[in-house]
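Quick mapping for you: the protein sequence lines, in order, are chains B and C. All the letters of the first sequence, read from the start, carry residue numbers 0 to 251 under numbering that gives the first Met the number 0. All the letters of the second sequence, read from the start, carry residue numbers 0 to 343 under numbering that gives the first Met the number 0.
Keep in mind the hints are simulated off the structure, nothing from the lab. Computed from a prediction, not measured in an experiment: that's the story for all the values here. Please note that a few of the clues may not be correct.
[Stated by the list, open to error] Some chain B residues near chain C, calculated using beta-carbon distances under 8 angstroms:
no.: 1; residue: 2
no.: 2; residue: 5
no.: 3; residue: 12
no.: 4; residue: 16
no.: 5; residue: 19
no.: 6; residue: 88
no.: 7; residue: 90
no.: 8; residue: 91
no.: 9; residue: 92
no.: 10; residue: 94
no.: 11; residue: 96
no.: 12; residue: 97
no.: 13; residue: 99
no.: 14; residue: 190
no.: 15; residue: 247
no.: 16; residue: 250
Beta carbons: idealized from backbone N, C-alpha and C, even for Gly.
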Amino acid sequence: MRLARDTLLVFRRNLRLSLRQPVWLTIGLVQPLIYLCLFGPLLESVAEAPGYPRGDPWQVFVPGLLVQLGLFGTMFVGFGLLRDVRDGVLERLRVTPVSRAALLLGRVMRDLMVLLVQGAALLGAGVLWGLRTPLWTFAVGLGVLALVGTAFSAGSYALALIVRNEDTVASTLNLAGIPLLLLSGILLPMSLAPDWLQAIADANPLRHVVDGARELFLHGGGPSVVPGVAAAAGMAFVFAALAAWALRRESR
Amino acid sequence: MPSAAVRTEAPRAWQPARPDAEAPIIAATGLRRTFRLRGRVIEAVRGVDLEVWPGEIVGFLGPNGAGKTTTQRMLTTLLEPSAGEATVAGHDLRREPDKVRRRIGYVAQGGGTTGDCRAGEELVDQGRLYGFSRAESERRGRALLAELQLEGAWDRPVRTLSGGQRRRLDIAVGLVHGPPLLFLDEPTTGLDPQSRANLWDHIRRLRAEHGRTIFLTTHYLEEADALCDRILIIDAGRIVAAGTPGELKRRLAGDTVVLTTRDAGSAALAATLLHGRGMSRAPRIEGTAVITSLVDAPGRLPALLRALDEAGVAVAGLEVRRPTLDDVFLNLTGRSLRDGDPTA
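Isolated chain B, as found in the complex:
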């Protein structure tokens, strides 16, 4: 099948180039561990605060970090695509009969591959730190990570193709990334927030993803899990469609 074959080709090409930048891969690997080491210990005391979810603080914090990794691990991949645009590589590929969808799909798959390795490392480190939860929740957690990663990787490519300028991409990502992070309850649960802030946070799909992942890690399931996964899948779908539209627009 043409699409599968082309996707694999684009995936391999981009993975090969990523592996040539071991510094970036290492930074991506180490960053969540830094959060774990430098921010995690604070949680031990915060966990006593009223409104903080009951249970082991690591079971609250690690799923949040997992979602954060999905966000920040993929958000900047658009810069790589812009480099291909500048080098004329995207144009060169568009003149070949390669499947248009594969041009993005292969890249997103590369991003997910890198992301899942980082996610697994994060979970492993969490276990060392005292995270205790059934193994199957790890698998679901990585699945959610993949959905969030798909959303923000596709979103980043869409943004890059639409604005076509590194500076604008950078400032847009900063503008969007920080509120997304703060209003997701990753660092501190939104249940600690006043009502008005909660109301705003409710509009943030990431918040629901975080709530779902947390419930999964805390109780092995619950009413927030399905909406959480649905929110992640919804974001992935919307941003993938946006990216496909942005690529189609190149020749329009």
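Dock chain C against the given chain B, drawing on the hints supplied.
Showing chain C alone in chain B's frame:
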């Protein structure tokens, strides 16, 4: 006898569009492209008709913003035309872009390779995107590197290649699938004169040895003159002239003739005579010389000199400067191609 310093053109190896070819390899009619920019509609290409025949090297010339790049992007399937029809390499551009893609190669101005990739990887990736196996892609890639004198570059990271080498690699990448038609966008921009001459040789060889058709855009008139069998000039979104460089120069720009007489009086007489007989446009007198522009000077000089002789004007010297493509360009578009060209 006056001395006539007439420089003749170098002979050309090319024969006019192959009579045995049944159909043009590019045929476009009424190709248009409009863009919307902040609510305004910009007509980049306003109806381009063009034909390119198999085996030709065609130069596509135009000032910045004339629609040169937009036209080429349409012909290479990168941009959908707003209107018009085109057949490229035997397939309809709008209905079968995928089949067109299989039969054309395209080398963009800045190339299309990644510095961190090895040359061989780029060639194999490209071959595989056209559906060839890894082994076949490698075989083709290595043969192309040898042909373009890039042996030894296979394992080298692209960023370590020189400008000229990198441009040749770009061409190799564009040829992996053996297309009969190759588009080159400003192929020698940014190269030093030696690399440029070397690349011209390679381009000529691509046509000579494989019968490929080459469609190239260029800013350099001397490049078009030295390399192209035929030239298309685009201005303000329309083709304004087409022909061999020689034809265009004959048809669209006169030869500059500098006629030196013995004294100012003779010069004035000569000018009146030439102008009065409709032999030249507005002669200018500088001291004892008459400077004028004349279409087909070599063909008309004998009669002209006879007329001057009969009128008793003694001609002391004669110089004819053949027009350059820049003169053609200036006459057609009212501006020099170099004006808008930051790289010239």
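Here is how each hint holds up against the structure:
no., hint, in the structure
1, 2, "violated, 13 angstroms"
2, 5, "holds, 7 angstroms"
3, 12, "holds, 5 angstroms"
4, 16, "holds, 6 angstroms"
5, 19, "holds, 5 angstroms"
6, 88, "holds, 5 angstroms"
7, 90, "holds, 5 angstroms"
8, 91, "holds, 3 angstroms"
9, 92, "holds, 7 angstroms"
10, 94, "holds, 4 angstroms"
11, 96, "holds, 5 angstroms"
12, 97, "holds, 5 angstroms"
13, 99, "violated, 10 angstroms"
14, 190, "violated, 46 angstroms"
15, 247, "violated, 10 angstroms"
16, 250, "holds, 5 angstroms"
Of the numbered hints stated above, those contradicted by the structure are hints 1, 13, 14 and 15, listed in ascending order.
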